[in-house]
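Based on these hints, arrange chain D on the given structure of chain G.
Number of protein chains: 2
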Amino acid sequence: MRIIGCCHANDKPAIVSLPPTPVADSDPMKDDFATKTAAFSTQARQMEQWWREGIPLVAAMDARIEKLDDQELIVCAPLEPNRNHMATAFGGSLLALATLTGWGIAKMLAGEAATHVVIQSSQMKFLQPVNSQLRARCAWPNDRDRERFARSLASRNRARIDLEIALFSDVTPAAEFSGRFVALNDTGYG
Amino acid sequence: MRIIGCCHANDKPAIVSLPPTPVADSDPMKDDFATKTAAFSTQARQMEQWWREGIPLVAAMDARIEKLDDQELIVCAPLEPNRNHMATAFGGSLLALATLTGWGIAKMLAGEAATHVVIQSSQMKFLQPVNSQLRARCAWPNDRDRERFARSLASRNRARIDLEIALFSDVTPAAEFSGRFVALNDTGYG
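For the record, the sequence lines run as chains G and D.
For the first sequence, position 121 (counting from the first letter as 1) is numbered 495 according to the working numbering, and the numbering increases by one without interruption.
For the second sequence, position 126 (counting from the first letter as 1) is numbered 500 according to the working numbering, and the numbering increases by one without interruption.
One or more of the hints may lead you astray.
Claimed, not checked - Each computed DMTMM-like pair below joins lysine to aspartate or glutamate, with the alpha-carbon atoms no more than 20 Å apart:
(1) D:K410 to D:E422
(2) G:K410 to G:D517
(3) G:K499 to D:D536
(4) G:K499 to D:E538
(5) D:K499 to G:E538
(6) D:K499 to D:D536
(7) D:K410 to D:D443
(8) D:K499 to G:E550
(9) G:K499 to D:E550
(10) G:K441 to G:D406
(11) G:K499 to G:E550
(12) G:K410 to G:E446
(13) D:K499 to G:D536
Calculated directly from the structure, the hints in this document are not laboratory data.
The shape of chain G in the complex, shown without the other chains (with noise of 0.2 Å):
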């Protein structure tokens, strides 16, 4: 599976810090699972200290990333910093969550091509209370969706991904949220 720009090597300024571009010979792009394992692994530490560094609530959720591979990021935080009165999770911190790791996806997704990545809208559904580790789930986009995505931020400088997010608690499916994120490049230009 092609991982599009999330670690190609680009030494334009951009307004917004992006992670440090891993080293070549960990690039996911490679078709050798060693080496593919590796790239992401690096990639998730890598953006979990960005998140961690860059956002204050997500310290203080405590989330971090479970899993990051070519079929999708897991994002998970303990229960007792996200609770409320009930000892289930905060719904706030669950929506969270579950921003966070749509956003990751976008992110990656749009890498060097985007100086932005913004959510612009979500709906969710609650389904249980989530009464042990919250755990947020997406999927990378087909490759369709992928394809439209690089190709309008390319020529238009402007895309939009809409992205699918399961919760659960623990292992056990407890709310659906689904958001459309948009990436821009300001290229400085009008």
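Just chain D now, with coordinates in the frame of chain G:
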């Protein structure tokens, strides 16, 4: 304006601990303006303390009740603990603040008649970046919706209410949140 159930004394044990009931001489159902104002002020202080003790994320966000009267509830939070890499508000913080504000109104509406108040679904439109204090405002529902909610809770031990929460970057409109909240009275029977 009659505030349904928010300050009624009730010795019935509840699964969720409600904020301490204000003393009788600060009942906002009384007509005297100064008395009503004092009662809302007490109610706001107690709810804010209850939030901060029961929901760690509220303390992390430094969310505070700015205003509670017979028109609306306004909850605000400083930008710093809620910022992202771009020094604008993290979308997850805005969603969490809106959830908290709607839940506050729904909880006060339900009062002692409900043991639980939960969010069932939500939609958010992000209109503008928030680069100043975060502020969320929810008006009390109209009399008809409040009466329907109270009647359903009394007769069916369950009621739902749809609330609109407006979000601001200080005083500039920045996002629109709609939430459906459900109040349940778990009687312990059936």
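Hints, verified against the model:
1. With a CA separation close to 18 Å, the supplied pair K410 (chain D) and E422 (chain D) stays within the 20 Å bound.
2. For the hint linking K410 (chain G) to D517 (chain G), the alpha-carbon distance of about 18 Å falls within 20 Å, and the restraint holds.
3. Annotation: proposed proximity of K499 (chain G) to D536 (chain D) holds, straight-line Cα distance about 14 Å (limit 20 Å).
4. Simply put, K499 (chain G) and E538 (chain D) have alpha-carbon atoms about 16 Å apart, close enough for the 20 Å limit, and the pair holds.
5. The suggested pairing of K499 (chain D) with E538 (chain G) holds, with an alpha-carbon distance near 16 Å, which does not exceed 20 Å.
6. With a C-alpha separation of about 16 Å, the suggested pairing of K499 (chain D) with D536 (chain D) holds against the 20 Å cut-off.
7. As the CA atoms of K410 (chain D) and D443 (chain D) are separated by approximately 8 Å, the hinted pair is consistent with the 20 Å bound.
8. Taking the CA atoms of K499 (chain D) and E550 (chain G), the gap is about 17 Å. The hint holds against a cut of 20 Å.
9. With a CA separation close to 17 Å, the supplied pair K499 (chain G) and E550 (chain D) stays within the 20 Å bound.
10. Between K441 (chain G) and D406 (chain G) the alpha-carbon distance is near 19 Å, which keeps this suggested pair within the 20 Å criterion.
11. Distance check on the hinted pair: K499 (chain G) and E550 (chain G) sit about 5 Å apart at the alpha-carbon level, within 20 Å; holds.
12. A threshold of 20 Å between alpha carbons decides the hint, and for K410 (chain G) with E446 (chain G) the separation of about 14 Å falls inside it, so the pair holds.
13. Our distance criterion of 20 Å between C-alpha atoms is met by K499 (chain D) and D536 (chain G), whose separation comes to about 14 Å.
In this structure, every one of the numbered hints holds.
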